[in-house]
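Undergrad: Can you build the whole structure from these sequences, using the hints too?
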Amino acid sequence: MKKFKRVYIEITNICNLNCSFCPPTKRARAFMELEAFESILEKIKGYSQYLYLHVKGEPLLHPELKGFLEMSFQKGFKVNITTNGTRLHELKELLLTQPAIRQISISLQSFEHQPTSLQKEYMKQVLQFIKEARERTQIIIELRLWNLELEKVEDPAYLRNHELLKCIEQGLQLPKELQETLCEGKGVKIAERIYLSQSYEFEWPDIKRPVISTKGFCYGLRQQVAILVDGTVVPCCLDSEGDLSLGNIFEVDSFEEIVESSTATALVEGFSVREVVAPLCQRCGYRLRFDGVSEGFGANKD
Numbered sequence: 001m002k003k004f005k006r007v008y009i010e011i012t013n014i015c016n017l018n019c020s021f022c023p024p025t026k027r028a029r030a031f032m033e034l035e036a037f038e039s040i041l042e043k044i045k046g047y048s049q050y051l052y053l054h055v056k057g058e059p060l061l062h063p064e065l066k067g068f069l070e071m072s073f074q075k076g077f078k079v080n081i082t083t084n085g086t087r088l089h090e091l092k093e094l095l096l097t098q099p100a101i102r103q104i105s106i107s108l109q110s111f112e113h114q115p116t117s118l119q120k121e122y123m124k125q126v127l128q129f130i131k132e133a134r135e136r137t138q139i140i141i142e143l144r145l146w147n148l149e150l151e152k153v154e155d156p157a158y159l160r161n162h163e164l165l166k167c168i169e170q171g172l173q174l175p176k177e178l179q180e181t182l183c184e185g186k187g188v189k190i191a192e193r194i195y196l197s198q199s200y201e202f203e204w205p206d207i208k209r210p211v212i213s214t215k216g217f218c219y220g221l222r223q224q225v226a227i228l229v230d231g232t233v234v235p236c237c238l239d240s241e242g243d244l245s246l247g248n249i250f251e252v253d254s255f256e257e258i259v260e261s262s263t264a265t266a267l268v269e270g271f272s273v274r275e276v277v278a279p280l281c282q283r284c285g286y287r288l289r290f291d292g293v294s295e296g297f298g299a300n301k302d
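Taking this note's numbering, the leading residue of the sequence shown gets 1, the next gets one more, and so forth.
Do not take every clue at face value.
[Unchecked claim] With a straight-line Cα cutoff of 27 angstroms, these simulated DSSO-like cross-link-like pairs (lysine-lysine) come out:
1. LYS75 to LYS45
2. LYS45 to LYS2
3. LYS78 to LYS92
4. LYS56 to LYS176
5. LYS131 to LYS215
6. LYS208 to LYS176
7. LYS56 to LYS26
8. LYS131 to LYS189
9. LYS120 to LYS78
10. LYS3 to LYS43
11. LYS45 to LYS5
12. LYS45 to LYS3
13. LYS3 to LYS92
14. LYS176 to LYS131
15. LYS56 to LYS120
[To be verified] Across the chosen pairs, the derived CB separations fall in these ranges:
16. GLU269 to LYS124: 25 to 35 angstroms
17. TYR50 to GLU201: 19 to 29 angstroms
18. GLU38 to ARG274: 37 to 47 angstroms
19. SER272 to LYS124: 47 to 57 angstroms
20. LYS124 to GLU201: 42 to 52 angstroms
21. SER261 to PRO115: 18 to 28 angstroms
22. ALA28 to GLN74: 26 to 36 angstroms
23. ILE212 to LYS2: 42 to 52 angstroms
24. SER261 to ALA191: 38 to 48 angstroms
Please keep in mind that the hints were generated in silico from the structure rather than gathered at the bench.
Since this is a predicted model, take the numbers as computed values, not measurements.
C-beta atoms are modelled at their ideal positions from N, C-alpha and C, and glycine is treated no differently.
TA: In structure tokens:
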């Protein structure tokens, strides 16, 4: 049986923001039913211990989130949530009392283009959530600022980030300046169970874009696999439109039929010899971050 470090399950593809770095999906907007989620958990049992409840969409919008978290815990899974942070205050009690939750990643760049007054209230609520999470739980918190621009010598994102970092320093009463400890592309521990990462903005791969390269490596189907809200299984969390559909988990008797299929095997074997066989993967810039790394190590988008 294959073992994945993470299985992404898109419980909704609906979002309450419209961020420039995350184009809306062309797929039908939907919330996954709890029964469908249970069916998925039964089929992926043994393949991974860790669930990531997103591909596209804001998972904290799901009206049955409590049921998803309780079911995950009952079936022995640990849950990682990536959120824009806008509903943390509203759902604080739910999130801080669910034993299934291992980590919450907050994409701070989601709110950087909002009016200053809204940004201040947003950060106030995010920091208050973090304080209570530290005091009451063992949840790991990751703060993300993935908004730098590679080709700009004078990147305005640095200035915006500097202001946010100052806000975090003051709000969490940190002893030293965060900007001095940050390194692009790497997370740093800023307090007990709190991490911060600043990195470059990435473009979601698009099948209509020109080919970037046909040589390289990726962890898709090696360390991770993703399941879209309609049950479509794709190699990784960046296939937001299901262009590399390997099958539908609701239409098979076992997950093995999909992840051990000839199509899936060809993709993995291709990456093993640095051959990028899938058209969407050939158009993925995020994959370039893994060029030159060994198969056993490296980071993944959460």
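Undergrad: With reference to the structure, classify each hint as holding or not holding.
TA: Comparing the hints with the structure gives:
1. A threshold of 27 angstroms between alpha carbons decides the hint, and for LYS75 with LYS45 the separation of about 8 angstroms falls inside it, so the pair holds.
2. Note on LYS45 and LYS2: the hinted pairing holds, with a Cα-Cα distance of about 11 angstroms set against a maximum of 27 angstroms.
3. Using a Cα cut-off of 27 angstroms, the hinted pair LYS78 and LYS92 holds, with the two alpha carbons roughly 18 angstroms apart.
4. Distance restraint check for LYS56 and LYS176: the Cα-Cα separation of roughly 35 angstroms exceeds the 27 angstroms cut-off, and the hinted pair is therefore not satisfied.
5. For a cut-off of 27 angstroms, the pair hint linking LYS131 to LYS215 is broken: about 45 angstroms separates their Cα positions.
6. The straight-line distance between the Cα atoms of LYS208 and LYS176 is roughly 45 angstroms, outside the 27 angstroms bound, and the hint therefore fails.
7. At roughly 11 angstroms between alpha-carbon atoms, LYS56 and LYS26 fall within 27 angstroms of each other, so this suggested pair holds.
8. In summary, the hint linking LYS131 to LYS189 is supported, as the alpha carbons are separated by about 15 angstroms, within the 27 angstroms threshold.
9. For the proposed pair LYS120 and LYS78, the alpha carbon gap of about 32 angstroms is over 27 angstroms, so the pair is violated.
10. For the suggested pair LYS3 and LYS43, the alpha carbons sit about 13 angstroms apart, so the restraint of at most 27 angstroms is met.
11. Of the supplied pair hints, the one linking LYS45 and LYS5 holds, its CA atoms being roughly 13 angstroms apart against a limit of 27 angstroms.
12. Pair hint LYS45 plus LYS3 holds up; C-alpha atoms about 10 angstroms apart against a cutoff of 27 angstroms.
13. With a CA separation close to 32 angstroms, the supplied pair LYS3 and LYS92 exceeds the 27 angstroms bound.
14. At most 27 angstroms may separate the alpha-carbon atoms for a hinted pair to count; LYS176 and LYS131 meet this at roughly 18 angstroms.
15. For a cut-off of 27 angstroms, the pair hint linking LYS56 to LYS120 stands: about 26 angstroms separates their Cα positions.
16. The given range of 25 to 35 angstroms is broken by GLU269 and LYS124, whose C-beta atoms sit roughly 50 angstroms from each other.
17. Against the hinted window of 19 to 29 angstroms, the Cβ-Cβ separation of TYR50 and GLU201 comes to about 25 angstroms, which satisfies the hint.
18. Distance hint check: the CB atoms of GLU38 and ARG274 are about 39 angstroms apart, consistent with the given range 37 to 47 angstroms.
19. Between SER272 and LYS124 the Cβ separation comes to about 48 angstroms, which falls inside the hinted range of 47 to 57 angstroms.
20. Roughly 25 angstroms separates the CB atoms of LYS124 and GLU201, a value that falls outside the hinted 42 to 52 angstroms.
21. Under the hint 18 to 28 angstroms, the C-beta atoms of SER261 and PRO115, about 49 angstroms apart, miss the expected range.
22. Restraint check, ALA28 to GLN74: a C-beta distance of roughly 29 angstroms satisfies the suggested window 26 to 36 angstroms.
23. The hint said 42 to 52 angstroms for the Cβ distance between ILE212 and LYS2, and at roughly 27 angstroms that hint is violated.
24. A C-beta distance of roughly 44 angstroms is found between SER261 and ALA191, which places it inside the suggested range of 38 to 48 angstroms.
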